[in-house]
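Take a look at the letters that make up each chain.
Protein chains: 2
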Amino acid sequence: MRILIVGAGGVGSAAVRIAVRRDFFEKLVVADYDPARPQALVDEVADPRVEAAQVDASRADAVAGLIEAHGITHVLNAVDPRFVMPIFDGALAAGATYLDMAMSLSTPHPEQPHALPGVKLGDEQFAKDGQWKDAGRLALVGIGVEPGLSDVFARYAEDHLFSEIDELGVRDGANLVVAGYDFAPSFSIWTTIEECLNPPVIYEKDRGWYTTEPFSEPEVFDFPGGIGPVECVNVEHEEVLLMPRWTKAKRVTFKYGLGDEFIGVLKTLHKLGLDSTAKVNVKGVEVSPRDVVAACLPDPATIGDKMNGKTCAGVWVTGTGIDGQPRSTYLYHVADNDETMREYGSQAVVWQTAINPVIALELLATGVWTGTGVLGPEAFDAKPFLDLLAAPAPTGYGSPWGMEDRAV
Amino acid sequence: MRILIVGAGGVGSAAVRIAVRRDFFEKLVVADYDPARPQALVDEVADPRVEAAQVDASRADAVAGLIEAHGITHVLNAVDPRFVMPIFDGALAAGATYLDMAMSLSTPHPEQPHALPGVKLGDEQFAKDGQWKDAGRLALVGIGVEPGLSDVFARYAEDHLFSEIDELGVRDGANLVVAGYDFAPSFSIWTTIEECLNPPVIYEKDRGWYTTEPFSEPEVFDFPGGIGPVECVNVEHEEVLLMPRWTKAKRVTFKYGLGDEFIGVLKTLHKLGLDSTAKVNVKGVEVSPRDVVAACLPDPATIGDKMNGKTCAGVWVTGTGIDGQPRSTYLYHVADNDETMREYGSQAVVWQTAINPVIALELLATGVWTGTGVLGPEAFDAKPFLDLLAAPAPTGYGSPWGMEDRAV
Numbered sequence: 001m002r003i004l005i006v007g008a009g010g011v012g013s014a015a016v017r018i019a020v021r022r023d024f025f026e027k028l029v030v031a032d033y034d035p036a037r038p039q040a041l042v043d044e045v046a047d048p049r050v051e052a053a054q055v056d057a058s059r060a061d062a063v064a065g066l067i068e069a070h071g072i073t074h075v076l077n078a079v080d081p082r083f084v085m086p087i088f089d090g091a092l093a094a095g096a097t098y099l100d101m102a103m104s105l106s107t108p109h110p111e112q113p114h115a116l117p118g119v120k121l122g123d124e125q126f127a128k129d130g131q132w133k134d135a136g137r138l139a140l141v142g143i144g145v146e147p148g149l150s151d152v153f154a155r156y157a158e159d160h161l162f163s164e165i166d167e168l169g170v171r172d173g174a175n176l177v178v179a180g181y182d183f184a185p186s187f188s189i190w191t192t193i194e195e196c197l198n199p200p201v202i203y204e205k206d207r208g209w210y211t212t213e214p215f216s217e218p219e220v221f222d223f224p225g226g227i228g229p230v231e232c233v234n235v236e237h238e239e240v241l242l243m244p245r246w247t248k249a250k251r252v253t254f255k256y257g258l259g260d261e262f263i264g265v266l267k268t269l270h271k272l273g274l275d276s277t278a279k280v281n282v283k284g285v286e287v288s289p290r291d292v293v294a295a296c297l298p299d300p301a302t303i304g305d306k307m308n309g310k311t312c313a314g315v316w317v318t319g320t321g322i323d324g325q326p327r328s329t330y331l332y333h334v335a336d337n338d339e340t341m342r343e344y345g346s347q348a349v350v351w352q353t354a355i356n357p358v359i360a361l362e363l364l365a366t367g368v369w370t371g372t373g374v375l376g377p378e379a380f381d382a383k384p385f386l387d388l389l390a391a392p393a394p395t396g397y398g399s400p401w402g403m404e405d406r407a408v
Numbered sequence: 001m002r003i004l005i006v007g008a009g010g011v012g013s014a015a016v017r018i019a020v021r022r023d024f025f026e027k028l029v030v031a032d033y034d035p036a037r038p039q040a041l042v043d044e045v046a047d048p049r050v051e052a053a054q055v056d057a058s059r060a061d062a063v064a065g066l067i068e069a070h071g072i073t074h075v076l077n078a079v080d081p082r083f084v085m086p087i088f089d090g091a092l093a094a095g096a097t098y099l100d101m102a103m104s105l106s107t108p109h110p111e112q113p114h115a116l117p118g119v120k121l122g123d124e125q126f127a128k129d130g131q132w133k134d135a136g137r138l139a140l141v142g143i144g145v146e147p148g149l150s151d152v153f154a155r156y157a158e159d160h161l162f163s164e165i166d167e168l169g170v171r172d173g174a175n176l177v178v179a180g181y182d183f184a185p186s187f188s189i190w191t192t193i194e195e196c197l198n199p200p201v202i203y204e205k206d207r208g209w210y211t212t213e214p215f216s217e218p219e220v221f222d223f224p225g226g227i228g229p230v231e232c233v234n235v236e237h238e239e240v241l242l243m244p245r246w247t248k249a250k251r252v253t254f255k256y257g258l259g260d261e262f263i264g265v266l267k268t269l270h271k272l273g274l275d276s277t278a279k280v281n282v283k284g285v286e287v288s289p290r291d292v293v294a295a296c297l298p299d300p301a302t303i304g305d306k307m308n309g310k311t312c313a314g315v316w317v318t319g320t321g322i323d324g325q326p327r328s329t330y331l332y333h334v335a336d337n338d339e340t341m342r343e344y345g346s347q348a349v350v351w352q353t354a355i356n357p358v359i360a361l362e363l364l365a366t367g368v369w370t371g372t373g374v375l376g377p378e379a380f381d382a383k384p385f386l387d388l389l390a391a392p393a394p395t396g397y398g399s400p401w402g403m404e405d406r407a408v
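So the protein sequences, as listed, match chains A and B.
1 is the number of the first residue of the first sequence in the UniProt record's numbering; add one for each residue after it.
1 is the number of the first residue of the second sequence in the UniProt record's numbering; add one for each residue after it.
Treat the hints with care, as some may be off.
Claimed, not checked - Below, simulated DSS-like cross-link-like pairs (lysine-lysine); rule was C-alpha separation at most 30 Å, straight line:
1. K283(A) to K306(B)
2. K283(A) to K279(B)
3. K283(B) to K306(A)
4. K283(B) to K271(A)
5. K279(B) to K306(A)
6. K267(B) to K267(A)
7. K279(A) to K283(B)
8. K267(B) to K271(A)
9. K267(A) to K283(B)
10. K279(A) to K271(B)
11. K271(A) to K306(B)
These are calculated hints, taken from the structure and not from any lab test.
Can you make the complete structure from the sequences, with help from the hints?
Given below as structure tokens:
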């Protein structure tokens, strides 16, 4: 297996740091628009299999050229979702397997954005499913943590725990704090605003996909691992588009544990127009208010060593157990920032995202996972993935997942 | 009486519109840095006594020169508090009586800003009391609505209603809303942030003046005139510095009815550093975050005709009544935006500020009020002021005030 990772940011770097501990690949090229970033990573990991390259991820032909030049068999897209389509198309054109951790972007419904979906997350990719099948190639989409591990959990619950699923409710929460700041998000405020302003999408078997107002259906979810109760709200997320395609769940939701403080901040920014990307004139200078908000906060990429706490990703499954009794189970994975910083030099949120595509690559390398067309993580057997994730090194990745039955 | 009003903004314009209905003066010069603004006002009121002029309010000599050129006897300062000292000094130098509606600015205590006062509001002005006395001239400071009418109420309560005052609690609240906006403050957000970030000041007889954290001692105060309950918090304000000098109150406070929504917005802006006036670099451009916040909101000066509701200023006095019984009374004045817009073309908040110095000028013109040195409104007999305010035109200003006894 000869891998190309496009993007040497937080997630791409963590993926490299995780992969170099494994022996399932011969070559790993890390490419970025700025060639200094992958070079620094190559110097850091000092693994002769790893090489740096430069690429313009917005050009499918540049991606295809790089794939061909290095004899790449598998491409992992680790850049901003705006670049999904050129990398996806470049991989298809050059005959490589493609993996990403987000999906092609959505566009709100022009008339009823808070009731009906417009162009949905991943629609552009699924539209090309036939081309990938015809080429006998696989595009494995949404194989980060959320989407990704959450989708693997959903498939596991369907295959091994439930005879009937009422709801697959992805629930993401954390208790990360950043020392020395009144308010310091552990992820990009720009992206969080974007995610939270997009109309949240929900799936129901009888109704199909539909959208709601932002911050809908607030709920306090009790997270394991010492995180505790966090206020969660509906947010647009890939799982809601993926899970209904390969599971029989009657309802699929994604709720993000932003916490009431963060939700309050986002609502206030929206109320004041400070979430806007349209430039305003400020005493003769043109700026986008959202950029100003980001500039006033610490850069999340640089605060990993000041961060403390855990982040939890998982799926809350409700329905009927295989024993025919009502069942409510949360399947989850917790990452502790102290541990990921110490072990990998990556903060918890990006590390937890990056470990999953590396495991998927290993399962593809060993032939445990195979397939053609555009497929989500639910399309594959979940058990070998979860076993490999949890098994101690050197067999596995040594990162256990958990399962918690809740009162029904 | 020959009056100079410095500043043709909202309050200065309203003062001119109110004054031209009265006959106690011979000449009224309105001056502004931008000569087009007073000229527009002169054209609007079409009163031969009113004249426009240009002035740089930051220069005491320019103010003195203008006073001399027009034979001015009384100067009303209607600009930003940053210009208090040059106008105050210019009036003294030129031998005119001086009136303002705010006082010289404060500077927080360098070590314990939320416990001890530093340079207090008005300190710079009171330091020159001797010079004004020696010149036989009067500087009547803080004669807007708050400070101003609130101080007149305090003096009235002491002279006519109470034998002993436990607390003079200024309480300011409104139910003004602006049609068509999610969030549109009826006053400058820049100034409101400034006021609310300054450490609130409190006076207690045994302790003197001291300061607290911002937003301290939240309290829901029930305002009359249909406004109802509004969340109020301590804010630094001139009354707390004025009232203890001329009354025997044991405690003096100022609480601003910002409402819980507005308080939440201000706290969020502070948490995110968006209240800062220090410039930040936003993609190569330097801007002050507070200016960006102001630029995102509608300009309060332009929304008077979209505003609706009432604003209430007053003093809640508690103590022992003249009958020796415990007493709790709110003395107040309500301005209705529909009415002030229709009658005067000025929005309620600026109109309510502007009417009081005009009444004071009339009482000085008729000799009912006299004095020398730097004096607050409490230094004068309150009754003729309140009578003139309430009496129907043409005798008075036709704007009744109210009094409400509360449970003790």
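Quick rundown of the hints versus the structure:
Proposed proximity of K283(A) and K306(B) is supported: the alpha carbons are some 25 Å apart, at most 30 Å. Distance check on the hinted pair: K283(A) and K279(B) sit about 12 Å apart at the alpha-carbon level, within 30 Å; holds. Straight-line distance between C-alpha atoms of K283(B) and K306(A) comes to about 25 Å, which keeps the hinted pair within the 30 Å bound. The straight-line distance between the Cα atoms of K283(B) and K271(A) is roughly 24 Å, inside the 30 Å bound, and the hint therefore holds.
Of the supplied pair hints, the one linking K279(B) and K306(A) holds, its CA atoms being roughly 25 Å apart against a limit of 30 Å. Restraint check for K267(B) and K267(A): the C-alpha separation of about 13 Å stays at or below 30 Å, so the hint holds. As the CA atoms of K279(A) and K283(B) are separated by approximately 12 Å, the hinted pair is consistent with the 30 Å bound. Distance check on the hinted pair: K267(B) and K271(A) sit about 14 Å apart at the alpha-carbon level, within 30 Å; holds.
A hinted pair counts as satisfied when its Cα atoms are at most 30 Å apart, and K267(A) with K283(B) qualifies at roughly 25 Å. A hinted pair counts as satisfied when its Cα atoms are at most 30 Å apart, and K279(A) with K271(B) qualifies at roughly 23 Å. Proximity of K271(A) to K306(B) is assessed by CA-CA distance (about 18 Å); at most 30 Å being required, the pair is judged to hold.
When held up to the earlier numbered hints, the structure conflicts with none and fits them all.
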